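Heads up: the protein sequence lines correspond to chains A and B, in order. In case it helps, our numbering puts the first sequence at residues 1 to 85. In case it helps, our numbering puts the second sequence at residues 86 to 564.
If you're looking for bench data, these hints aren't it; they were derived computationally from the structure. There could be a bad hint or two in this list.
Here are the simulated SDA-like cross-link-like pairs (lysine to any residue), alpha carbons at most 20 Å apart as the crow flies [claimed, not checked]:
| no. | chain 1 | residue 1 | chain 2 | residue 2 |
| --- | --- | --- | --- | --- |
| 1 | B | K452 | A | P81 |
| 2 | A | K40 | B | K426 |
| 3 | B | K370 | B | K194 |
| 4 | B | K452 | A | K40 |
| 5 | B | K194 | B | A145 |
| 6 | A | K63 | B | Q451 |
| 7 | B | K370 | B | E347 |
Predicted model, so just to flag it, every value in this text is computed and none were measured.
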Amino acid sequence: MSRKPLIRKMKSARRARPPARPVRNRKPDDMSALAAAGIKALALPVEPSWHAAIAFNLQLLFKHAALIDAFALADESEPAPVFRA
Amino acid sequence: MKASPPRCSVLETTAFDFAWMTAGEIAAAFASGRAKAASIVESAFARIRARDPLINSFTALTEERARLRAQALDDAKARGKGVPPLAGVPFAVKNLFDITGLPTVAGSKINRDFPPAARDATLIERLEAAGAILVGALNMGEYAYDFTGENVHDGPARNPHDLARMTGGSSSGSAAAVAGGLVPFALGSDTNGSIRVPSSLCGLFGLKPTYGRLSRARTFPFSASFDHVGPMARSARDLAIVYDAMQGYDPDDPVCAERGIEPVTPILDRGLDGLRVAVAGGYFKCRAAEPVYAIDRIAAALGANRDIEIPEAERARSAAYIITASEAASLHLPRLRTRAKDFDPATRDRLIAGAMLPASLVTKAQKFRRWYQREVLKLFAEVDAVLAPASPCPAPLIGQQTFKLGDSELPVRANLGIYTQPISFIGLPVVVVPVPQSPLPIGVQIIAAPWREDVALRIAHALERQGVAAAQQPTVRED
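For reference, chain A alone in the conformation it holds in the complex:
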């Protein structure tokens, strides 16, 4: 069936500023190094055979994070969860 598209003009956040240098997709070697450092810093008992899968998942997470990093938000933007005293 054919449906009529509803055109909406999107506004970005008020007084949004572009991110200075957004995170780009990292290379596998970068992720492997980050994974190795993170495993050490967090004192995780990781076996060598797990390392590649952890680095792969880290790369996937940074790929998603790059989309967020590239999105312009105002300095006044509040995170979704707001603590109330």
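Assemble chain B onto chain A, guided by the hints.
Okay, now just chain B, sitting in the frame of chain A:
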């Protein structure tokens, strides 16, 4: 449409037992005196013993407790006491709900060493107060970090429509038990799609309510920012009855909203009554045949002849992805240090990676979440509900690693929730309706504004009455 002819009749039911009766029909049978609670419960356990070896949906049975509960209901009725709305109806819960006397395993090996729960989850207490009878705990993906329904510790729950296929996850046992006719409804949890994906793959009605609507007290968490709980059933009316019984503020869940009970069952028959429905465009324009067929069929039945763009949905999915990874990693970090080898490797490696995400990016994802919520809520000035696919494909084979979506080959485990994540990201209420297709069903999401579960349930009920949405009884092939 009809599924392929059965080569194994083990999952077929007779007209005499309660297997394919709805919760409402079972409650009516009890209330009218046509069935005793004790016989309903024994029938449920007989079905579970006969069929669950095939579909692997239960991880624990609560037989003694259920029999005592049934006897108490029968005795109360004999004394002329009032009959509550779910009296005599058997149900089961995903094994991340606390059940008194059992460890809350949450699909894991590690939690089997936990002490038994001292008290039931709030929702179990509320359902039992409404007369329902808990018969057991259900299989799930480890720690709910799963869309497939596979579990290395308990084995995969199997799709009753085709035992070689996935149920979807992580509420895998909940979907299999309801679709297989073992119980009329079950509870699941949904953080990124864990009620909606298995409802789609197993051909069920599923409700993910507004974030904060139903109490999560005494359930094992996954990602607190997105954790929801809700029912899966074989009719929209059952969803409404069960949902009504579970509503209400609960101080034991800090997220639970201080709202009164807003019953839906009494207004379910109002029909569409001028409700404005649009179809999600852009990111949600699925290129696979089965979801497109399902959306078109539902849209035609509702007269939904306009598309609407949910802004930045792909980015919303990414933000949900990284917040989930970070919060789940924070939750499990102590266990990753002490018992890493006892995790499912597929869960463990993602959790470890999540522990390394910079806080700056996770915080920005939470800021984006607020921006996205504000933009999406504007859409509800123009429409009352939005339709979107519930899954990008029907049930994949168990063990299948990738699936085709348009020209792309995508990993199954990470991508079955691509259409559900941008919605739960801001806690909108959704009802999944099953659209029968051959050989496998698939679901459509009906997405409403916050706190308007009534809108989504009314639409689902109207579609069911039109015969467009239906939970079909499986005719299982033994391949």
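Verification of the supplied hints:
1. Between K452 (chain B) and P81 (chain A) the CA atoms are separated by roughly 9 Å; this keeps the pair inside 20 Å, and the hint holds.
2. Taking the CA atoms of K40 (chain A) and K426 (chain B), the gap is near 17 Å; set against the 20 Å cutoff, the hint holds.
3. The hinted pair formed by K370 (chain B) and K194 (chain B) fails the criterion: a straight-line CA distance of about 39 Å is larger than 20 Å.
4. Pair hint K452 (chain B) plus K40 (chain A) does not hold up; C-alpha atoms about 30 Å apart against a cutoff of 20 Å.
5. Restraint check for K194 (chain B) and A145 (chain B): satisfied, since their Cα atoms lie roughly 14 Å apart, inside the 20 Å limit.
6. Proposed proximity of K63 (chain A) and Q451 (chain B) is supported: the alpha carbons are some 17 Å apart, at most 20 Å.
7. Of the supplied pair hints, the one linking K370 (chain B) and E347 (chain B) is violated, its CA atoms being roughly 33 Å apart against a limit of 20 Å.
Comparing the model with each numbered hint stated earlier shows that hints 3, 4, 7 do not hold.
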